[in-house]
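Residue numbers (our numbering), protein chains in the order written: chain A, 1 to 332; chain B, 1 to 376; chain C, 1 to 243.
Quick caveat, the hints were computed from the structure, so don't treat them as lab data. These numbers come from a predicted model, not from an experiment. Please note that the accuracy of each hint is not assured.
What the hints assert, rightly or not - Computed list of lysine-lysine pairs in BS3-like fashion (alpha-carbon distance at most 30 Å, straight line): (1) 3/B - 299/A; (2) 299/A - 25/B; (3) 181/B - 258/A; (4) 25/B - 258/A; (5) 124/B - 222/B; (6) 25/B - 112/C; (7) 23/B - 93/B; (8) 17/C - 3/B; (9) 25/B - 152/C; (10) 83/B - 209/B; (11) 152/C - 9/B; (12) 209/B - 152/C; (13) 23/B - 112/C; (14) 23/B - 17/C; (15) 112/C - 268/B; (16) 152/C - 268/B; (17) 9/B - 17/C; (18) 83/B - 181/B; (19) 17/C - 38/A; (20) 35/C - 3/B; (21) 3/B - 213/A; (22) 51/B - 258/A; (23) 124/B - 181/B; (24) 184/B - 83/B; (25) 258/A - 333/B.
Residue-level listing of the chains:
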Amino acid sequence: MILHPAVLSLMTMSLLVGIMVLLAGAVGVRILISWNIKSGSELQLSLERQTYLVSTILAYTFVFQILSLFLYIYTADNLHGLFVGAMCAVGTLNVNEYGYPVLMLKVLNFLLAGTWLIVNYADTQGFDYPLIRAKYALLLLIAPLVLFEAYEQYQYFSGLHADIITSCCGALFSQDTRNISGDIAALPARPMAIVFFAAMAATFASGLVFYRKGRGGWFFSAASMVAFLVGVASLISFISLYIYELPTHHCPFCCLQKEYGYIGYALYATLLGGAVTGLGAGVLMPWRNRGSMVRVIPKLQRTLTLATVILYLLFTLIVLYRMKFSALTLGW
Amino acid sequence: MNKAIERHKNILEFSLSSLLRRKTKNASLLAIYTLIVFAIASLLFFLSALKRESILILKDAPDMVVQRMVAGRQDLVPLVYAKEIASLRGVRKVTPRLWGYYYDAPSGGNLTVMTAAMPAGFIKIGSGVSRLRRATVADVIVLQSYDNEVPLMLEIKEVLPYESELAAADLVIMSDLDFRKLFKFPQGHATDLALTVANSRELSTLAEKIVDRYPDARPILKSEMLRTYDSIFDWRGGMMLVMMIAAVLSFIIFAWDRATGLSAEERKEIGILKSIGWETSDVLLLKFWEGAVISLSAFFFGVIAAYVHVYFFSAPLFQPVLKGWSVLYPQFKLVPAVDAYQLGVLFFLTVAPYTFATIIPCWRAATIDPDAAMRS
Amino acid sequence: MNMISLTNITKSFHVGKASHFVAVNDVSLDIAPAKVTILKGPSGSGKTTLMTLIGCMARPTSGRIVLSGMRAAWMTSEDPSGVEITSLPERFLNDIRRRTFGFVFQQFNLLKGISVLENVMLPAYPTGEDHHVFAARAGELLEQFSIARHAKSPVEWLSGGELQRVAIARALINDPAVIIADEPTAHLDTALSREFMTIVGTLKQAGRTILIASHDPIVYDSPLADRVVEMRDGVITSSGPKL
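Okay, chain A solo, but in the shape it has when bound (with noise of 0.2 Å):
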């Protein structure tokens, strides 16, 4: 284990959020049994007091998640000298089979977090507390992640130990115990430009209906996902190559070093916040029409569809921007 500042403190903290985010789900538990929003006993009213300590738990763990992703992928960049054949976090995270399960896990629970964040606020803005029992539900589902992500990170960090001088033979045996790869798995940049393209255009189209007509909701929100995950699978494949201006460098990780201009943040915070509310809008998507919701819900989905697309639209121009002026061509 590497008793790296960095890797304890991600590592506390995990623990940490954990455990708050486990309080919040017993409080869940509860409020799920013996929730009655017409009842003014006691009861009610200390559930109704405890839901705003879940909230509380939620919006520091969105904060924290988003945090600690960038905290993570540093360290691992910070790590990468440690370990033979590793060139950045790319090669540190693949040092043992945990490195990037957690990093995937800590996106997942950014986005659960956000989720549930929005879902809080459109229930809170109803009288009777609509969305309550999806709300929890939803709790129930996240805690045990966010747990699970301490678990899998705490394996990641105590599986790492540096290649360091060993008492006898110096190079010899630290150099073949493994064979770490650098690279990292990159589809064909050309097909996966076309698919990037398709379904940035894709949501627009469906979120200016969406926006517009408040129809085809279920399939805006899709599109968003599609375009999530198309967005990852892209920057690895050919958007890494014009940052880096080389037809080989797919690391998704470098540009969030000084020497390309930070733009790695501008990228990820911009795909990662139109992530969050393209799920945020399909998951209102059922109550839309009940109750109180009428008021709430829909002019709720248009803000979040419209910062969707506007967020998507910027990483796209952000692309486009780099396709333009990088000072590498790839034969299109």
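Since the structure of chain A is provided, determine the placement of chains B and C on it from the hints.
Same frame as chain A, now just chains B and C:
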């Protein structure tokens, strides 16, 4: 949107006045918080600066160093090895190195002795040695040689500049001849061999070949040295951090206690706020802003204090831990190496735990029943 | 027409425990708009609890409370039958309370350590209204009650009567339709008590509904009182001239 901003502004303003109204309580919290940030930040800054220095120093290290092991301990390398290794394909140059440690009885310090092309009888010394022996250019230092003959009289030709303190404070550079005299060093041997290689990708193959030919040889690659140093720093840093965890934990408990222990006065205040129309979420926001102001202030002051501590004063508070029994401790000025990543790690080690520790107490405070104010 | 209607309201505390007690027991009451209603009764009679229920500060254990003649932001149109507030979640209840009710407490409940002006403005902070707008309103209220010269003074410097007026000014900052006062004259001498009732008269004339809990004869015997409701042990024992 505007309404939301106004609401935040108003509540933030009230939270500031709230904090100022309870100066003593908040001052002690702020002081301890700042201290924790200071301690951890100092550690992080110090470590990363040292790492940086080590990377810079190792930049000029040879691609590969070949040592010889006898029964698991490092022994002298016969110069015959050098010739053989030089003939391997891919090896550009083999330089036998003479260096060692000399215990200076009168001062009690350990000196690192290296050789260079120099006239016999002259030495260059590091500033630490100069301080230790209270000698400077043109002075003569006497070193007892290993063969118990007449001691070596060596004139100081040059004192190495202050900037090289970290690496060279305990250094004594002399000629090959004097070195062999000093240590009664056997002819035909060297301490180790430094290799320059044509293609760095071939390093591991070459290492294999060397061990093949000389099973008692231990080749060490520069990359391994770097990794090992990195590891040690991380490990050492981590150890210190683990020790600090005790401090951080007590701080968390303290923070929790502070946040939970609302005085009757505070409790009444919140009851009043809720009775005049503040919602639970408004009071939560108030508590959030109070916490944020304290956290940001502590972070800010702690970081600045740590910066000054490490980069202006060279971390005197860590000296006893790092110095150990060393008599010869370099006086060095570290180069500032603070980046956003470090601040992020610091944030996760200080502000984040504090924030999470106060979630439940703040919520408890915010959910005080408004009608409690009616029946005071 | 502003009317507050309570039907079979019960409020119990610590249900199922040894300390269980019923503060308000099956009370039904209608509060008429633009009139002064007095709740009379000894301490422990439940009148304070009843006022917290009427004033949207607490939820009843059982029963219904309906407010009519007011419009909540989340309603599509003014509902003639009124809004049932019994099971509204806190933020909605709070929203209604903020715009409809102003409270004057027995102990005044002003925040120590901040100025008079700030005290008066406090209820408006979380509404998101522009600071300048409600600061101006607060200033006007202080003028109206002749305490403008104390605007920047800390509340500790003021006399009992002045504090009373600050408390009333604060209750009025969000321009509420209903004023609820709990034993307002408990710490005042006769002269100041009469002065208080004069202020009540002004508020009544402005069309506000006033609800006062008091066992002070200056209050309940005042000609301004339109109705006196007597309570004992959580139950209404008598109800004065109905309108």
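Against the structure, the hints come out as follows:
no.: 1; hint: 3/B - 299/A; verdict: 18 Å, holds
no.: 2; hint: 299/A - 25/B; verdict: 45 Å, violated
no.: 3; hint: 181/B - 258/A; verdict: 52 Å, violated
no.: 4; hint: 25/B - 258/A; verdict: 42 Å, violated
no.: 5; hint: 124/B - 222/B; verdict: 26 Å, holds
no.: 6; hint: 25/B - 112/C; verdict: 17 Å, holds
no.: 7; hint: 23/B - 93/B; verdict: 69 Å, violated
no.: 8; hint: 17/C - 3/B; verdict: 44 Å, violated
no.: 9; hint: 25/B - 152/C; verdict: 25 Å, holds
no.: 10; hint: 83/B - 209/B; verdict: 14 Å, holds
no.: 11; hint: 152/C - 9/B; verdict: 21 Å, holds
no.: 12; hint: 209/B - 152/C; verdict: 87 Å, violated
no.: 13; hint: 23/B - 112/C; verdict: 14 Å, holds
no.: 14; hint: 23/B - 17/C; verdict: 41 Å, violated
no.: 15; hint: 112/C - 268/B; verdict: 11 Å, holds
no.: 16; hint: 152/C - 268/B; verdict: 23 Å, holds
no.: 17; hint: 9/B - 17/C; verdict: 44 Å, violated
no.: 18; hint: 83/B - 181/B; verdict: 24 Å, holds
no.: 19; hint: 17/C - 38/A; verdict: 22 Å, holds
no.: 20; hint: 35/C - 3/B; verdict: 34 Å, violated
no.: 21; hint: 3/B - 213/A; verdict: 28 Å, holds
no.: 22; hint: 51/B - 258/A; verdict: 19 Å, holds
no.: 23; hint: 124/B - 181/B; verdict: 17 Å, holds
no.: 24; hint: 184/B - 83/B; verdict: 23 Å, holds
no.: 25; hint: 258/A - 333/B; verdict: 26 Å, holds
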